[in-house]
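Chemist: Take a look at the letters that make up each chain.
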Amino acid sequence: MRNKRTELFVGCFIVLGVLAFVYLAVQVSGLAFSGKKDTYQIVARFNDIGGLSDRAKVTIAGVAVGDVESISFDKELYMGLVKMNIVSDVNNIPTDSSVAILTSGLLGEKYLGISIGAEDDVLVEGDEIYDTQSALVLENLISQFLFKSDDSEE
Amino acid sequence: MKAITDLGGWLLNWLEAVGRAGIFLAQSVFRFPVRLNESINLLVKQLYSVGVLSLVIVVVSGAFIGMVLALQGYSILAKFGSEDAVGQLLALALLRELAPVVTALLFAGRAGSSLTAEIGLMKATEQLSSFEMMGVDPLRRVIAPRFIAGVICLPLLSIIFSATGIIGGLVVSVGWLGVHDGAFWSLMQQSVYFDTDIINGFIKAVCFAIVVTWIAVYQGYECLPTSEGIGKATTRTVVLGSLAILALDFILTAAMFGDF
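In order, the protein sequences belong to chains D and U. Under this note's numbering, the first residue of the first sequence carries the number 14, and numbering increases by one thereafter. Under this note's numbering, the first residue of the second sequence carries the number 9, and numbering increases by one thereafter.
Derived by calculation from the structure, the hints in this document are not laboratory data. Yeah, the Cβ is synthetic: ideal placement off N, Cα and C, and Gly gets one too. One or more hints might be untrue.
[What the hints assert, rightly or not] Taking lysine-lysine pairs in the DSBU-like style, the calculated list, with each CA pair at most 30 Å apart, reads:
1) K50(D) with K17(D)
2) K70(D) with K96(D)
3) K17(D) with K70(D)
4) K70(D) with K88(D)
5) K87(U) with K123(D)
6) K70(D) with K87(U)
7) K123(D) with K161(D)
8) K17(D) with K53(U)
9) K123(D) with K88(D)
[Stated by the list, open to error] Residues of chain U clear of chain D, computed beta-carbon distances all greater than 12 Å:
10) L23
11) A86
12) G117
13) G183
14) F265
[Unchecked claim] Chain U regions said to be covered by chain D (calculated; three or more residues, Cβ under 8 Å):
15) 136-144
16) 242-253
Go ahead and model the full structure; you've got the sequences and the hints to work with.
Modeler: Take a look at the structure:
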C-alpha cells in the first residue's frame, strides 16, 4: 500500500506546482487568457522620445486603451517613430487628436496620453497623429530655468 | 619542466572527467525508457524522495524569504514614500533571481547530497555490480530515474518557492505593515511580464536542475567505494553544485536581462 501513498503524494506535489504556476501567471503577472486582443495600429513622430519604452501604455483620459508596439528612428525626418496598438473597441479617435509623452508620478514610467480633437473623421489602421508633444526632459527644463534667471539678472 | 607536465596531466585528467560525465549523462538519459510501466514506477518513487520530501524546506524558506524581503523593502521604500512598490520589488526579486537560485542551493543540499550518498553506498555495497551481473543496466535502473526526477522536481519547487514567497510578502506588507493591497497587486502586475520574468525564471530553474542533478548522480556513481569516499563525494556534490549554480546564474542573467 506504500506505493499508492507515494503516488498520491507525488500527484499532490505536481498539482501544487502547476497551481503555483497558474497563480504566478494570473495573479502576479496579470496575464489574461483571453488571447490576443483585436487592435489597430497608428503611428506618431516625436522630436524627443525621452524615456518611453516598448509596451508602455497608451491612455485616453487616463484610461489605458492600448500599448506601444515599437519605437524606431525615422532617418528622413530625424524624429522618433512610435507605433502603437489601440484596441478596436476604441474606434472613434478624431484625426486631429494630439498625443503627448507623459510621466506617471515624478520619477515614474513614461506613457502616451491622447487628447481628443474635434474632427468628425476618425483614425483607422496605419494613420498618423501629427500633433505630438515630446517628453519633458528634466535637463532642458533646468537649463531653460537657468537661462531665464540669468536674463532677469542682467 | 615537471610543473608543465603536471599541469598538462592535470588538464588531461580534468578533460577526461568532463568527458566521462558527459557520456554518463547521455547514456543514463537515452537508455531510460525500456518498459514503460516499470520505469514510471521507478520514476514516481524518485519523484517522491527527491521532490515531495524537499517540499517542506522549500515552502518554509520561501515564505520566510518573502517576508524578510517585504520587511526590508518596506523600510527602504517608505523613506521615498513609495511603499506600495514593495509588491513589485518582491515579485521581481523572487521570480528573476531568488526563487531559482535559492531553491537550487537548497535542492543541492537536501536532495543532491542524499542522491550522491545513496548511489555511493549502493556502489560501496556492490549493489551496482550485482545489478550488472543480473544483466540489469545500473545506469538505466538506478541513475536515469533519479536524474529525470531531479530535472522535473527542481523547476516545480522553484515555482512553489516564488508563490509562497509572494504570499509571505503579502502577509507581511499588506496584513502587517498596512500597504494598500490594490496598489500592491496592480504595481506588481504592471511590472511583471509573463514571458520575460516568469518564463525566464523557469528556464533558469530547468538549467540549474540539469546541472545539480547531473553533478549529484555523477559524484555518487564515480565515488571511491569507501565510507571516506562517499563522504567526500557528498561534500563535492554540495560544493560543486552550489558553485555551478551561482556561476551559471550569472551567465543566464547576463543573457536574459543584460541587453539594456
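Chemist: Hints first: check each against the structure and report whether it holds.
Modeler: Against the structure, the hints:
The hinted pair formed by K50(D) and K17(D) fails the criterion: a straight-line CA distance of about 45 Å is larger than 30 Å. Straight-line distance between C-alpha atoms of K70(D) and K96(D) comes to about 12 Å, which keeps the hinted pair within the 30 Å bound. Annotation: proposed proximity of K17(D) to K70(D) is violated, straight-line Cα distance about 51 Å (limit 30 Å). Under the criterion of a C-alpha separation no larger than 30 Å, the hint pairing K70(D) with K88(D) is consistent with the structure, at around 25 Å.
Of the pairs offered as hints, the one joining K87(U) and K123(D) holds, with about 23 Å between alpha carbons and a cut-off of 30 Å not exceeded. Between K70(D) and K87(U), the direct Cα distance comes to roughly 28 Å. Compliance with the 30 Å bound is thereby established for this hinted pair. Between K123(D) and K161(D) the alpha-carbon distance is near 27 Å, which keeps this suggested pair within the 30 Å criterion. A C-alpha spacing of about 10 Å is found between K17(D) and K53(U), which places the hinted pair at or below 30 Å, so the restraint holds.
As the CA atoms of K123(D) and K88(D) are separated by approximately 23 Å, the hinted pair is consistent with the 30 Å bound. For L23(U), the shortest C-beta to C-beta distance to chain D comes to about 38 Å, beyond the 12 Å cut-off, and the non-interface label holds. Chain D leaves A86(U) outside its interface by the beta-carbon criterion, the shortest separation being 16 Å against a cut-off of 12 Å. The claim that G117(U) is not at the interface with chain D holds, since no C-beta of that chain comes within 12 Å of its own (minimum 19 Å).
At roughly 16 Å, the least C-beta separation between G183(U) and chain D is larger than 12 Å, which holds for a residue marked as non-interface. For F265(U), the shortest C-beta to C-beta distance to chain D comes to about 14 Å, beyond the 12 Å cut-off, and the non-interface label holds. For the region 136-144 of chain U, the assignment as covered by chain D is violated, since 0 residues bring a beta-carbon within under 8 Å of that chain's beta-carbons and 3 are needed. With 0 residues having a Cβ less than 8 Å from any Cβ of chain D, the region 242-253 of chain U misses the three-residue criterion, and the hint is violated.
Checked against the numbered hints given earlier, the structure breaks hints 1, 3, 15 and 16 and satisfies all the rest.
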